[in-house]
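Trainee: Two chains, two frames, some hints: make the complex.
Read top to bottom, the protein sequences are chains B and H. Sequential numbering from 1 applies to the first sequence in the UniProt record's numbering. Sequential numbering from 1 applies to the second sequence in the UniProt record's numbering.
Source of the hints: derived by calculation from the structure; they are not laboratory data. For every residue, glycine included, the Cβ atom is placed at its ideal position computed from N, Cα and C.
Under 10 Å between C-beta atoms, here's a sample of chain H residues computed to sit facing chain B:
id, residue
1, L53
2, Q141
3, E174
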Amino acid sequence: MNQIIALVVKEFIALFKDKRARFVVIVPPLIQLLVFGYAASFDLNRVTYAVFDRDGGPAARALLAHFEGSPTFELRYRIRRQDEIAALIDAGEVLLVLQIDPDFDGDLLGRHGEAPAKLQVIIDGRNSNTAQVAQEYVNRVVADFNRHWIAAQGLGRSPPELAVRAWYNPNLESRWFFVSGLVGLLTLVVAMMVTAMSVAREREQGTFDQLLVTPLHPAQILIGKAMPGLLIGVFEASLVVLAAVVWFGVPLVGSLAVLYTGMLLFLLAAVGAGLMISSLALTMQQALLGTFLFMVPAAILSGFSTPIANMPEPVQWLTLANPLRYYLIIVRGVFLEGAGFSVLLHQMWPLALIALLSLSAATWLFRHRMD
Amino acid sequence: MRAQASHRRLLGLLRKEWLQVLRDPSSIAIAFVLPVGLLLLFGYGVSLDARNLRIGLVIEQPSAEASDLVSGFRQSVYFEPRFFDSRQAARSALAQHAIDGFIVLPADFARRLQAADEVPAQAIVNGVDANSARLLSAYVQGVWSTWLQRELATRSSGPSEPVAAETRIWFNPELRSRNYLVPGLLVVNMTLVGALLTALVMAREWERGTLEALLVTPVTLREILLGKLLPYFALGMGGMALSVLMALTLFQVPLRGSFWVLVACSMLFLLAALGMGLLISIVTRNQFVAGMIALVTTFLPAFLLSGFLFDINSMPVVVQAITHLIAARYFVAILQTLFLAGDVWSLILPNAAALAIMAILFLGLSRRLLRKRLE
Chain B
1 MNQIIALVVK EFIALFKDKR ARFVVIVPPL IQLLVFGYAA SFDLNRVTYA VFDRDGGPAA
61 RALLAHFEGS PTFELRYRIR RQDEIAALID AGEVLLVLQI DPDFDGDLLG RHGEAPAKLQ
121 VIIDGRNSNT AQVAQEYVNR VVADFNRHWI AAQGLGRSPP ELAVRAWYNP NLESRWFFVS
181 GLVGLLTLVV AMMVTAMSVA REREQGTFDQ LLVTPLHPAQ ILIGKAMPGL LIGVFEASLV
241 VLAAVVWFGV PLVGSLAVLY TGMLLFLLAA VGAGLMISSL ALTMQQALLG TFLFMVPAAI
301 LSGFSTPIAN MPEPVQWLTL ANPLRYYLII VRGVFLEGAG FSVLLHQMWP LALIALLSLS
361 AATWLFRHRM D
Chain H
1 MRAQASHRRL LGLLRKEWLQ VLRDPSSIAI AFVLPVGLLL LFGYGVSLDA RNLRIGLVIE
61 QPSAEASDLV SGFRQSVYFE PRFFDSRQAA RSALAQHAID GFIVLPADFA RRLQAADEVP
121 AQAIVNGVDA NSARLLSAYV QGVWSTWLQR ELATRSSGPS EPVAAETRIW FNPELRSRNY
181 LVPGLLVVNM TLVGALLTAL VMAREWERGT LEALLVTPVT LREILLGKLL PYFALGMGGM
241 ALSVLMALTL FQVPLRGSFW VLVACSMLFL LAALGMGLLI SIVTRNQFVA GMIALVTTFL
301 PAFLLSGFLF DINSMPVVVQ AITHLIAARY FVAILQTLFL AGDVWSLILP NAAALAIMAI
361 LFLGLSRRLL RKRLE
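Bound-form chain H, shown alone (with noise of 0.2 Å):
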């Protein structure tokens, strides 16, 4: 009797949630609209690999040499050269942000290459961008010593490099940029949708005084929780799956694991993300905080710290240190895993388990502050 009584309380209660949900258009939209918009926008807008590089050629005397090392210029896909009468012209067009970098051929350029031990030629980036600059140095090296190793063979003569590195990459042999970039955008979206659809929800609901109210009516907290939460999975997967079938078709990122895995494991990040929202709102019962501590406890960690962009084993200790209490972490190591690699138990199993905890940790609280709130 009990228990039939407590599953009717919890349907009604759910009823109530989804008539809200249904009512304000803005969760289905942080559900649906939000994920896709975002992926649409990332998924183009955010990408590193460079096209296209502005370089400009300063040639202060023409040359056999020097045109041979042009059309390696030329030929090459990274490259947009333009030409600069003097060192001067170069110079102001950097300082513009016209240019990204340029090279100097100075009018003994013939000369030198002869010479031991002189510099021939010198190329300036502009290393504001520090990555771009890296980027752009070394394709620059590489047109050059792919001209030397041609200059070197036909005058056959000096010594050509004793050792040199073969590399193979694996998982992403053409080190498409937007193959890693989406997944972890992905973690990135999802972080954002399940925060914000239950942060504002208890807030609201403090502000508001009706959880008082419903508090007075013979339901448990558990199924207060409950009631809260499901709806909002249920939203939460739906913009997961719609996302992930955005990542295979559109942006054509392979997924090497099985869906069952990449299933089991977004159920558990989703749960440690809305038990995460849960517990801001339950904590600050204020909807500008709850807002505030969402997006500054969410969405730029989830961006700058899961390893999504930036390499977590770079960073300090301490920083280190902090990744490891921000479920996107987890999510972002299984997911470009899952999609690139396959399967890795070795890799998989530790961040779900982690995740697991962490969604556990955050529902728990949650339900223990809520309950401490009320007395």
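Next up, chain B with everything else stripped away, as it sits in the complex (with noise of 0.2 Å):
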């Protein structure tokens, strides 16, 4: 026991005995979650529009005064030619152009229940998930208009509605599910580079021999290696977590034992997996690329920015591989639903099953580097 305390000691001095070392590992992950934070969110804040108005109408002004209303939309440009149109979205300077055709006042207030009157939607669609929100943001906007103009005009009663309300995250911010995420995502990133590097770093220097002709143990040399990746990793977590509920306001629900326990288990996993590479490669170089090529796919099949059921099934199988994959359903069930063990047994079992076979799978290839 002592053997393996000091041999965590000497693990943590060789991480921190530089001081820019101790930084990168601190401070990077904590930038990462404000900016991210903010940056991430499929939420449109601002909706950039140009109005073609070629009717002039009051209807017509009526509809677009519900646009200018609007916090959402953001009025550049009112546009007086056809050509116009095409330049604004080009260059990017419009998301959306709104054009009333010369007849929209006649069609609306000459209407004796035929088609109704048509409002022109030209949207940019080269990031076409950008395009389907604000289209979405249009449609409220027009049915907002409709209630009113029915209700204004007299026109008896609107068309019955689906009420569609949203548990969980009432509002649908998209921010409480990315915060919630980066949780998971950076908790992986800074306990695999630390454990990485680790047998890399003594291979590379030729001290990785002295290790091994001390009496410990390939075990305990393995538990030496992990602890710091395990330690650092859960206080990065849980400095994470008080920021995403303290700064960003996200709503823990459920209980931190849950959240420990997934914390602790997908931690093991993503030591284990940091081990593997480390031993597996000779120099520092190659132990950072087989992180990065651990981390990219790991953090981008795991449900983090797009659903998992999206994807093509054999990828989706790919998946079941991912520990980011489960606790993220772990961290976002427990932040968000308030999910307890019961709910949750099904991410945290498997999550197990990884931690151990890529921990005893690390061992094997520690002790076959050796001999």
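Mentor: This is the structure we're talking about:
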């Protein structure tokens, strides 16, 4: 036991000997949380648009006033000629153009239950997700106008509506989703970096052989190598959780016990993967490359930014080996849904399995490389 | 004479670097295997097009109206409806993530439809993934209003909507998210490749002390930097060419702009990315720190702050200012336009100019810092 503690202390000294290494492990993840917490959102706060009003009548103006009154929509230009539309959209000056045809007022005022008056909407589709969200915002403003119009004109009652409510995140703030996701992503980055470099560094500096001639058992060496990643991971994750709750105001509905159980299992799996990479690598460059090769797919195929359900079947199977996939469900479940052990058990046992497999593989590789 | 000697020295250096590249397979792996593998994985893995959304239906009492609505869900390509006997069952399925949302048609659904000021039905979606939830509710509303139009037409009573928005989406009318994600992924990949290729190189030379050995030879600083840069530039362009080829053939992304503009912009971007890697390695002189900084300053920002996935306009002003420091931002704007829209000079020229400035800045700084470090 004392030997292991001494080894852990040595690992921490090796890691934190360099002032910049210390800085690099602690500070960037927090800066990233801040920057990305603000950046990562599919919500549109500013939909820039231009208006091409070829009608100019009062009804058209009333409709456009609804867009001008919306805090999300930002009127940039009033267009006079048709060819200006393409110029503005191509250059990315506006996200969308609202075009009202000359007979709009006539269609709307003179109608007797026939087809609705048309509002033409032209949207820049280069980012198809943004386009889709903007389209939905436009529909919402139009629906709002319709309700007002029907009430004001005394056209009877509005058509019956389907009330849609979102549970766990009633205002559909994508920030809640991404900030809780960053708890997983940043923990993975830190834990992997710390452990993946540890064995490779010793090998490159030639001190690994010295470590091997000590009376320590390989398993003890492995534990010594695993502890810094685990401890720093828990520390960093706690900071991120704190910042998510205090700074970003993400609700933490569930229990910390569930969260930390999941975190521990996840860190074991991440540290195991890092140690595997480290034992395989002969140089630090290889270790770094291996970390990238693991981390980048792990980040993208985790459901962090795009849903796993949208992926093709074979890729979905691949995600089953990704520890981040399970951990993200646990973190978001605890944070937003208040999920307990019973619901999250299906996420915990695969994590435990991955941790067991990767740590055993690392131990084996450790021994294997020694012989 | 002097020019010739310098020429020879540079060639010698290039040969040395090239041999180093060939001996350590990891550089070649970074330049070719990494982008191809990543593009394959992400091109197939990253998609925002929701299909087969698992929606629960709770029909408390069957009626003609209810079964009409249900068939609307059955026919939609977006939905995979499942039936539940009670709200309670649907609610627990939602908590278990077995469904993404559910719709309740109450026992008096038909009566409520006729009554004024009463909400006839309710839908609940799991809002944790806000973007997916928004798409889901938009699709649910779509099925609802299609059904409603039919219903109102058969009964020919009640008003239809006064105004309907008729939307045309330019550049990507069928809203294939792959068309905009693949050009963005190209940028993420090349950012990684560029920074990784160089970030570790200089740091390794410092750690091993071979840079000092190089400096006592008659080669100049400029030659050392060029010798480092050119082989990796060639490797990086090779990786880029492969990725573009894959985007066009495998993922069927259209290329509406001209090929040579694409080549020129890629060269500018790669210079900026390599320059950034060089700068990191010169500043840190330590492989671990260089690697960590390369990860922090390249991959994640390229992924999150470049406008590849998230709309830059909607970010807070401070974060928007930060995005201007990221080369990937300019390249994403250029590539999305070149692939989907065409040669829009009003957009390409300012972004290309920004890339050129960044490349000059990073390379110039690298040279200056390298000299300072040596004095």
